[in-house]
Amino acid sequence: MTILTVKVKPNSKQQSIQKQPDGSLIVHLKSPPIDGKANQELIVLLAKKFNLSKSSIAIKSGFSSRNKLVEIPNLPPTQSQTDKSI
0 MTILTVKVKP NSKQQSIQKQ PDGSLIVHLK SPPIDGKANQ ELIVLLAKKF NLSKSSIAIK
60 SGFSSRNKLV EIPNLPPTQS QTDKSI
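Going by numbering that gives the first Met the number 0, the residue at position 85 of the sequence shown is 84; the numbering climbs one at a time, nothing skipped.
Quick caveat, the hints were computed from the structure, so don't treat them as lab data.
Bear in mind the structure is a predicted one, so any value in this text is a computation, not a measurement.
Just so you know, not all the hints are guaranteed correct.
What the hints assert, rightly or not - With a Cα cut of at most 27 Å, we get these calculated DSS-like pairs of lysine-lysine:
#: 1; residue 1: Lys8; residue 2: Lys48
#: 2; residue 1: Lys36; residue 2: Lys53
#: 3; residue 1: Lys59; residue 2: Lys8
#: 4; residue 1: Lys59; residue 2: Lys48
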């Protein structure tokens, strides 16, 4: 499993994922941080980006915070190396 450090920015106009030099991600979400809607959108967006099922992605910490640790299955080396434009 791979643990990603993610900073979430809810209530954004557009969805986007930006990779930081330290390997963490900044994810802009349209959903508000109410009733877990932003967390659900985060899981859906990461699942689409990495071509994974939603059930294979889990938020390990930061459920009510903007800073989260997200666990995803190990990515193939070709995908993780060439995915510099996240």
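### Message
Hints numbered earlier in the text: which of these fail when held up against the supplied structure?
### Response
Hints that this structure does not satisfy do not exist here, as all of them hold.
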